[in-house]
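Asker: Here are the chains, one letter per residue:
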Amino acid sequence: MADTEEKSTSRITGFFSAAYKDFGLPRLIITGFVLFLFILATIMKMDLTILISDSLVRIGMNGVLVLSMLPTLACGVGLNFGLPVGVIAGLIGAVMSMNWNLQGFAGFFAAIAIALPVAMVAGYIYALVLERVQGQEMMVGTYVGFSIVSAMCMFWLLAPIKNPAMIFAIGGQGLRYTLTLDKTFAKVLNDFLAFSVFGVTIPTGLLLFFGLLCVLMSLFYRSKAGLAMRTVGSNPMFAKSSGMNVRYMKMWGVILSTVLAAVGIIVYSQSYGFVQLYTAPLYAAFPAVASVLIGGATLERATVGNAIIGTILFHTLLTIALPVTQTALRGADISEIARMIISNGMILYALTRAERR
Amino acid sequence: MAITEGNVLELEGISKSFFGTQVLKDVNLSVRPGEIHALVGENGAGKTTLMNILFGMQVIFDTGGFEGRIILDGVPTDISSPREAMTYGIGMVHQEFMLIPGFTVAENIKLNREPTLPNLASKIFGRRLETVDEEAMRADSRAALDKLAISIDELALVAGLPVGHMQFVEIAREIDKRSVKLLVFDEPTAVLTESEAQMLLDAMKRLASEGIAILFITHRLDEVMEVADNITILRDGEVVAMMSKAEAEVEKIAELMVGRKVERIELPERAKEPSDRDIVLRIENLSVNMPGERVRNFSLNVRRGEILGIGGLAGHGKVGIANGVMGLYPSTGKVYANEKELRLNDPKSALEAGMAFVSEDRRGVGLLLDESIEMNIALTAMQVQEKFLRPGAIPSLRLADEAAIREHALQVIKDLDIRCNGPEQLVRRLSGGNQQKICLGRAFTMQPEVMWVSEPTRGIDVGAKQLVLDLLVDFNRKHGMTIIMTSSELGELRKVCDRIVIVYRGQIAGVLPPDASDVDFGLMMAGKGAARREVG
Chain A
1 MADTEEKSTS
11 RITGFFSAAY
21 KDFGLPRLII
31 TGFVLFLFIL
41 ATIMKMDLTI
51 LISDSLVRIG
61 MNGVLVLSML
71 PTLACGVGLN
81 FGLPVGVIAG
91 LIGAVMSMNW
101 NLQGFAGFFA
111 AIAIALPVAM
121 VAGYIYALVL
131 ERVQGQEMMV
141 GTYVGFSIVS
151 AMCMFWLLAP
161 IKNPAMIFAI
171 GGQGLRYTLT
181 LDKTFAKVLN
191 DFLAFSVFGV
201 TIPTGLLLFF
211 GLLCVLMSLF
221 YRSKAGLAMR
231 TVGSNPMFAK
241 SSGMNVRYMK
251 MWGVILSTVL
261 AAVGIIVYSQ
271 SYGFVQLYTA
281 PLYAAFPAVA
291 SVLIGGATLE
301 RATVGNAIIG
311 TILFHTLLTI
321 ALPVTQTALR
331 GADISEIARM
341 IISNGMILYA
351 LTRAERR
Chain B
1 MAITEGNVLE
11 LEGISKSFFG
21 TQVLKDVNLS
31 VRPGEIHALV
41 GENGAGKTTL
51 MNILFGMQVI
61 FDTGGFEGRI
71 ILDGVPTDIS
81 SPREAMTYGI
91 GMVHQEFMLI
101 PGFTVAENIK
111 LNREPTLPNL
121 ASKIFGRRLE
131 TVDEEAMRAD
141 SRAALDKLAI
151 SIDELALVAG
161 LPVGHMQFVE
171 IAREIDKRSV
181 KLLVFDEPTA
191 VLTESEAQML
201 LDAMKRLASE
211 GIAILFITHR
221 LDEVMEVADN
231 ITILRDGEVV
241 AMMSKAEAEV
251 EKIAELMVGR
261 KVERIELPER
271 AKEPSDRDIV
281 LRIENLSVNM
291 PGERVRNFSL
301 NVRRGEILGI
311 GGLAGHGKVG
321 IANGVMGLYP
331 STGKVYANEK
341 ELRLNDPKSA
351 LEAGMAFVSE
361 DRRGVGLLLD
371 ESIEMNIALT
381 AMQVQEKFLR
391 PGAIPSLRLA
401 DEAAIREHAL
411 QVIKDLDIRC
421 NGPEQLVRRL
431 SGGNQQKICL
441 GRAFTMQPEV
451 MWVSEPTRGI
461 DVGAKQLVLD
471 LLVDFNRKHG
481 MTIIMTSSEL
491 GELRKVCDRI
501 VIVYRGQIAG
511 VLPPDASDVD
521 FGLMMAGKGA
531 ARREVG
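The listed protein sequences derive, respectively, from chains A and B. Okay, so the first sequence: first residue is 1 according to the numbering used here, each after it adds one. Okay, so the second sequence: first residue is 1 according to the numbering used here, each after it adds one.
Be aware that one or more of the hints could be misleading.
To be verified - Here are the computed lysine to aspartate or glutamate pairs in the EDC-like style, where the Cα-Cα straight-line distance is at most 20 Å:
1. K240(A) / E386(B)
2. K340(B) / D417(B)
3. K240(A) / D361(B)
4. K240(A) / D186(B)
5. K240(A) / D153(B)
Quick caveat, the hints were computed from the structure, so don't treat them as lab data. Every value quoted in this text rests on a predicted model; they were computed, and no experiment measured them.
Next comes chain A alone, as it looks inside the complex (with noise of 0.2 Å):
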């Protein structure tokens, strides 16, 4: 019956309303912003290959992160709020790598290759917690996250790490704030096979890494066990009734998005070409689960697609807000409110709309 009606209306109106229910409210929204604030960049006669070329970078650097929200997604989980715990693990493998003062592609896949374990660990035992408290996996999770960050607040004071560079350096105990990787493996990615084009640089390196890591994701959609995190994730009973082990498969998705989350953190720092530590990671689960919601998912059902463009949404307007608005506005930085404002309220929009079954 639907389907007559749609027929009787306009094709015009027909495919604007398809197109507007394919893409969300909000994700229009945010889309045109974003178009608005490259027009205002062309008009201000700004470079707009700098804002691109940044926005690219972004783009890789966080596209990791927000693709480790969507296992917790496909189970059941819900949002990964908890994603510290993972980012925690990527940066103990981070910080062992330099400490080895391993360089290049060496030092971040060795940082990938020590984070992978502690994120599974990790990740288990993040599972247990979360079974324990199901329903309330996005709350607790949360908590999660802030508890892990200041208990290793401690461990990076009493990490035992000599190497000068790393540490403090009056006292010669505790890990800085802020370490450089400019002599290890700042930037390996973005600089690997990256050209320019039109004075737009494109980080190939990153930019393929995290295309492979979304094929590599969407193909795990497409296996036996991907399927069944989905099922568990969709309806628990069908699941169970279909023979499936719906707690072993919670877990998994808990362990994968927490491997996920280590391997992110890795690809942000070395683009960055800092490594972070202390409270850093405390809200790093925001502009990730933002970034998911921005691209479409809900808490029933989120895909690569999703990620993806969520990624370029959320990323593209954060890097290009700084610059035109400070142009436009001579000085202001709403760039900050503006990310604020945008990722909680993709947040609260997202979760009032959840729970509609």
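Chain A is fixed; fit chain B onto it per the hints.
Answerer: Positioned in the frame of chain A, the structure of chain B alone reads:
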């Protein structure tokens, strides 16, 4: 019809339909003070709807109201909410208890009607701050409980009481409302042990002798015979008989309650008839803890190649059997498929033993509503039997073979005549009948030896019902699939089954051939002749 003097309640020409389906047709009923009037009927006969009308439940108005009149004490009355029904002196003893576990018996009985004493604060801020008069509350509660001749401590917490006692607390609350003129008992003995049930029946008689009219809704014909003065029998929304106790016989009631024409069409012949020498599934002492549908010590042999029906009234456990064997609810006992013991409480073990299950909860358990038709059909077979997977080194990371899934889905859509836009359509958008066919298609994809089908025709329209039944017969005859079908609709069981098991209180009441008389079915479903067990 003239208004008869002296009736507490008179229902006159009540008709009601839900979305075009008539569930009540011109129902008349009258109750005098001090009369116990039994209202009997199968599930779906319309008893609940009738009570919803009497209590002015919102669901009635939301679905377009009803026709006919409610006359209380000779005055036609509009009852528009349960609260209003209460002010007219109509009380309800619920099937599910509406008690607060952390409160005492007395507090529950007097809930929201507590006797109070003024104090300083209440003089300033109003009546809501008056002190609760604990003494009066105790005394009132005691009086109400004594009226029922039950020795419950009125200061005990409800949480620790046995189920039977909670029922009495509920009744005590109703009779404590002094204005109560008519009490409705909705299946009050369903959860009681035999001695508790007897106490309840005695209490009912005592209340009636004090002039309270009682409307007693039940399936249990022996109880009807014991206490009722008059009996009204509902079937398919119509009053098929009204009789006094003197005229009533259990057999007659049972026949009237169940009886409807069963057109048993000739089913296709089989090459080999199922027999007791070839048992495909053996269930021994199965107990299933499924809320509302508990199974207790159920044993049964299923013959290879038969269509076995499981019938019985709601709440007696017929639905629990399939859910227990398939591992969805905690169960104990032994189940052997082809003489190999299954691991209970493990759906995978049941599925691997060659069984498939079509759940009674189609939308909740049976389908992934937001997935495509093809995924719904293929998923279980993929996960359990590794069908539709492309080769790969790591078993759990093998990719889905989308071409094979598509091909199979198209075949199923054609074979089962599923009306849809194509295999990619989301299941949520389909009609109930087509959704049910997808559930059947999914089970069928497993190529099971034994297929459990629960309530296959629930919530689908009449035409689709016949199609679903035809499909089941077809699976059975063409593929030799053993089918165990659970249904609340006795008529459809009698249409297609070879044998019908009737479940009563979680146990087998008996096994009947489909052409057994209505009386036999009615009696068995009502627990007559079946041994009743004291439950702890």
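Asker: Look at each hint and say if it fits the structure.
Answerer: Each hint tested on the structure:
1. K240(A) / E386(B): Judged against 20 Å, a Cα distance of about 16 Å means the pair holds.
2. K340(B) / D417(B): violated (36 Å)
3. K240(A) / D361(B): Measuring from Cα to Cα gives roughly 14 Å; hence the hint holds.
4. K240(A) / D186(B): violated (35 Å)
5. K240(A) / D153(B): Roughly 44 Å separates the two Cα atoms, so the pair is violated.
Checked against the numbered hints given earlier, the structure breaks hints 2, 4, 5 and satisfies all the rest.
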